[in-house]
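**Q** Sequence:
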Amino acid sequence: MKTIHIVDDEYSVRAATAFLLELEGYSVRTWQRGAHFLAAAPTEPPGCVILDLRMPDMDGLEVQRRLNEADLNFPVIMLTGHGDIAVTVAAMKMGAVDFVVKPFERQSLLQAVENAWSVLYDNGARRQRVAQAQSLVEKLTPRERDVLAGLTMGLPNKHIALQLGISPRTIEIHRANLMAKLKTRNLSDALRVAFAAGIGRRLDG
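Using our numbering, read the sequence shown as starting at 558 and increasing by one per residue.
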């Protein structure tokens, strides 16, 4: 049975997420603190980990960094808030497979978990996801790609506009157009496609 670790300081989030995943047939382990998970991780079975970005004592980025340092292969899904785009970008550059914005929809979480497992065991599925993302990105104009690259850096519209020498309103238009071409409903989904296509970070493997 596939194991998923949930690391979140809020009991309600841990309980609700575990319940949803257990209904889908996953084995779930929950942890209130990142330090507790890190201490147990070397002896835990292979699996993915759902990490809350903002926790006391040790946040999700620090947990991810220590997993990387210890060379522990736990694909990371980061739980973030709507105002955490810049930090989310940092997490994905550190190797997070995916991220889900709270409050999340059931399907968004399940898709992120599927993505994480494809990284752990199914390189064919990951290659297919990358190919699909690259195909979508190829439909963008050069300017739309520039705007998307700025978004993957966590930059607000004003800063992207300043760098490209165009107005913030024009950035908004490019942003709306690129999201339509990428078939995404929000910025989080657009970033997910961008990272899968290799924009904003170097893909491993």
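Bear in mind the hints are in silico, worked out from the structure with no lab data behind them.
Treat the hints with care, as some may be off.
Said to hold, decoys possible - Here are the simulated lysine-lysine pairs, DSS-like style, with alpha carbons at most 25 Å apart:
#, residue 1, residue 2
1, Lys740, Lys715
2, Lys696, Lys650
3, Lys559, Lys659
4, Lys696, Lys559
5, Lys696, Lys659
6, Lys715, Lys650
7, Lys696, Lys738
8, Lys740, Lys696
9, Lys740, Lys659
10, Lys740, Lys650
Said to hold, decoys possible - Here are the simulated distance ranges between beta carbons:
#, residue 1, residue 2, range
11, Pro713, Ala737, 36 to 44 Å
12, Thr560, Arg623, 16 to 24 Å
13, Leu577, Arg611, 18 to 26 Å
Note that the Cβ used here is the ideal one computed from N, Cα and C, for glycine as well.
**Q** None of the hints should be skipped; say for each whether it holds.
**A** We went through each hint and held it up to the structure:
{"no.": "1", "hint": "Lys740 to Lys715", "verdict": "24 Å, holds"}
{"no.": "2", "hint": "Lys696 to Lys650", "verdict": "24 Å, holds"}
{"no.": "3", "hint": "Lys559 to Lys659", "verdict": "23 Å, holds"}
{"no.": "4", "hint": "Lys696 to Lys559", "verdict": "36 Å, violated"}
{"no.": "5", "hint": "Lys696 to Lys659", "verdict": "30 Å, violated"}
{"no.": "6", "hint": "Lys715 to Lys650", "verdict": "23 Å, holds"}
{"no.": "7", "hint": "Lys696 to Lys738", "verdict": "7 Å, holds"}
{"no.": "8", "hint": "Lys740 to Lys696", "verdict": "11 Å, holds"}
{"no.": "9", "hint": "Lys740 to Lys659", "verdict": "21 Å, holds"}
{"no.": "10", "hint": "Lys740 to Lys650", "verdict": "23 Å, holds"}
{"no.": "11", "hint": "Pro713 to Ala737: 36 to 44 Å", "verdict": "21 Å, violated"}
{"no.": "12", "hint": "Thr560 to Arg623: 16 to 24 Å", "verdict": "19 Å, holds"}
{"no.": "13", "hint": "Leu577 to Arg611: 18 to 26 Å", "verdict": "21 Å, holds"}
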